[in-house]
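Go by the hints and put chain B onto chain A.
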Amino acid sequence: MKRKTIVTGVIGADVHAVGNKILAYALEDAGFNVVNLGVMVSQEEFINAALETSADAIVVSSLYGHGEIDCSGLRDKCNEAGLKNIVLLVGGNLVVGKQDFADVEKRFQAMGFTKAYPPGTSVETTIEDLHQFIS
Amino acid sequence: MFYLTADFGSTYTKLTAIDAEEFRILATSSAFTTIETNIMDGFYSALKKLETKLGKLHYDRILCCSSAGGGLKMVALGLVPELTAKAAKLAASSAGAKVVKTYSFEISHSEQIEIKDINPDVVLLCGGTDGGNKEVIIANARRLSEIDQDFSIIVAGNKSASYELEEILKSSGKDYVITDNVMPVFNHLNIEPAKQCIRDVFIRKIVDAKGLSEVQQMASGEIIPTPLAVMNACELLSKGTKNSPGIGELMAIDLGGATTDVYSMASGKPIAENVLVKGLPEPFSKRTVEGDLGMRYSLASLADELDMDCLGKEIGIDSQDIFQWITHCISNPDAVAATGSRELQMEEILARSAIELAVERHCGIMESAYSPMGIIFSITGKDLTEIPYIIGIGGILINNPHHEAILKGALFKPDKKNSLRPKSPKILLDKQYIFASMGLIGTLDPDLALHLMKEEININNNN
Numbered sequence: 138m139k140r141k142t143i144v145t146g147v148i149g150a151d152v153h154a155v156g157n158k159i160l161a162y163a164l165e166d167a168g169f170n171v172v173n174l175g176v177m178v179s180q181e182e183f184i185n186a187a188l189e190t191s192a193d194a195i196v197v198s199s200l201y202g203h204g205e206i207d208c209s210g211l212r213d214k215c216n217e218a219g220l221k222n223i224v225l226l227v228g229g230n231l232v233v234g235k236q237d238f239a240d241v242e243k244r245f246q247a248m249g250f251t252k253a254y255p256p257g258t259s260v261e262t263t264i265e266d267l268h269q270f271i272s
Numbered sequence: 003m004f005y006l007t008a009d010f011g012s013t014y015t016k017l018t019a020i021d022a023e024e025f026r027i028l029a030t031s032s033a034f035t036t037i038e039t040n041i042m043d044g045f046y047s048a049l050k051k052l053e054t055k056l057g058k059l060h061y062d063r064i065l066c067c068s069s070a071g072g073g074l075k076m077v078a079l080g081l082v083p084e085l086t087a088k089a090a091k092l093a094a095s096s097a098g099a100k101v102v103k104t105y106s107f108e109i110s111h112s113e114q115i116e117i118k119d120i121n122p123d124v125v126l127l128c129g130g131t132d133g134g135n136k137e138v139i140i141a142n143a144r145r146l147s148e149i150d151q152d153f154s155i156i157v158a159g160n161k162s163a164s165y166e167l168e169e170i171l172k173s174s175g176k177d178y179v180i181t182d183n184v185m186p187v188f189n190h191l192n193i194e195p196a197k198q199c200i201r202d203v204f205i206r207k208i209v210d211a212k213g214l215s216e217v218q219q220m221a222s223g224e225i226i227p228t229p230l231a232v233m234n235a236c237e238l239l240s241k242g243t244k245n246s247p248g249i250g251e252l253m254a255i256d257l258g259g260a261t262t263d264v265y266s267m268a269s270g271k272p273i274a275e276n277v278l279v280k281g282l283p284e285p286f287s288k289r290t291v292e293g294d295l296g297m298r299y300s301l302a303s304l305a306d307e308l309d310m311d312c313l314g315k316e317i318g319i320d321s322q323d324i325f326q327w328i329t330h331c332i333s334n335p336d337a338v339a340a341t342g343s344r345e346l347q348m349e350e351i352l353a354r355s356a357i358e359l360a361v362e363r364h365c366g367i368m369e370s371a372y373s374p375m376g377i378i379f380s381i382t383g384k385d386l387t388e389i390p391y392i393i394g395i396g397g398i399l400i401n402n403p404h405h406e407a408i409l410k411g412a413l414f415k416p417d418k419k420n421s422l423r424p425k426s427p428k429i430l431l432d433k434q435y436i437f438a439s440m441g442l443i444g445t446l447d448p449d450l451a452l453h454l455m456k457e458e459i460n461i462n463n464n465n
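For the record, the sequence lines run as chains A and B.
Under my numbering, think of the first position of the first sequence as 138, with each following residue one higher.
Under my numbering, think of the first position of the second sequence as 3, with each following residue one higher.
In short, the hints are calculated from the structure, not lab data.
One or more hints might be untrue.
To be verified - Capping the alpha-carbon separation at 27 Å, the derived lysine-lysine pairs in DSSO-like fashion look like this:
id, chain 1, residue 1, chain 2, residue 2
1, A, Lys158, B, Lys418
2, A, Lys221, B, Lys161
3, B, Lys271, B, Lys418
4, B, Lys280, A, Lys158
5, A, Lys141, B, Lys315
To be verified - Label pairs and their computed distance ranges (CB to CB):
id, chain 1, residue 1, chain 2, residue 2, range
6, A, Gly219, B, Lys118, 23 to 29 Å
7, A, Asn216, B, Ser426, 19 to 25 Å
8, B, Glu369, A, Lys235, 32 to 38 Å
9, B, Cys312, A, Val233, 31 to 37 Å
10, A, Gly219, B, Arg363, 25 to 31 Å
Said to hold, decoys possible - Counterexamples of contact, computed for chain A against chain B with all Cβ distances above 10 Å:
id, residue
11, Val155
12, Glu189
13, Tyr201
14, Lys235
15, Thr251
All C-beta atoms, glycine included, are put in the ideal place defined by N, C-alpha and C.
Bound-form chain A, shown alone (with noise of 0.2 Å):
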């Protein structure tokens, strides 16, 4: 079977590197086909990526609290670029400040991600999930 691709980076202008390096062998160790843009990443050079390399899913990261506003509008683009039904994760420190998470995903989901993770959240979840959401 073919090794499905993902997607991966940091979001807006944001620079957190190490956890993004960490997500990314992870990924690659359980198997997919790993395409890293590392930091500061725009929502259409996640576009461009996911295009050129026919992935399968988008996994954002997000550590400095402007998830929210970053993350806005991506679904919407991915529709217009004709990435219909990709699978998008987003995960980190989404918002500031002490907020319930079930508002802050119900957040994302509205804005069209498949799943949002809160802080914590261990990659196992993710790569499980993964799994489930490609297949």
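What follows is chain B alone, placed relative to chain A:
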């Protein structure tokens, strides 16, 4: 050993005679290119001029390059504009082609008609990483097959689509080659195989089509496109040979009647620290060719890009007069401005502006973003601010007494500090127009070519 090189240009056929034992250029000569009748007529009249200088010539080898008949005209197709479409354009440009237009995504009906009207010699079809998207490249192969023109297609896209592509192209009856992907893995360029294929197609098909078969019979080696010869020369001058060091990083600018070519031999890595590099990584040897910036055939499109009132004020000439001169030059491509005339002043400012625009398009761009950790700079493309040399090539620059002022158009501008242009390079000139010739000689005797180029631009041979 005596070498003769011939460069069949769109306007002039230029010959250079070289004595390999004495390490010197004996003489150069030129005559009008006679592509309409027999291209050899122009060659023989240039040879005659050479022989009046040197007496009867006995040469051991003759090497040729050509950009006659509009050069190698190409269009490039890719998927995403900033990714495979850009990679396709880079590959075609560095093979010495004139890339008339680059297309991305599935081409439309009107784009199909546009390609038919462009009537390219070769089409480079790319799209998708290996294992990535194949729908678009397959759709574009179908649309290209429907175009009723005799061009060759070089496919350098997603390898997983090669079976389908082979079937489509075989039944189209067009000449085609399938080679390695220009971007096999995301953001990794691999342009050499495509470049090699373009060269092969040029030798196999274009040489004949442009009336160069007689030249090919006479030549000791394969004929290559002139820009490729210039590129090879620049690369040799930069990197050196195993016996003699090169001069390091450099930029070369060839301002012509139809196009402005910019070459950079440089890694282009960011000079400042803590700068993020974005976008497609660019090759050490990069060429860009601007088909809309030129001093004769492309003067109209150059003028469209410029603020004539502003330029007129700078030299104290009314903008209407500049427009008049431009109109005159477009209808008389052989127009020459007299020394010390107002026309020459206009020519110079137009030339400087063409170089300004061409270099701006060649160099990278620095952008800033504000983040919680302060301001962060990112660079897309090559940082050429610290390039130590700019070399001017081409008849327009060589024959102008103020070539240095014109070439200064390439320099860094404080009001456009995002464009990473050279800040304080030494400006040099290929006085006798030997770079194309040296690119040819370099294939046989790189030490000789390197020595002669260093001499030509007055760089000490001992350093």
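Taking the earlier hints as the rules, which of them does this structure contradict?
1, 5, 7, 9, 12 and 13
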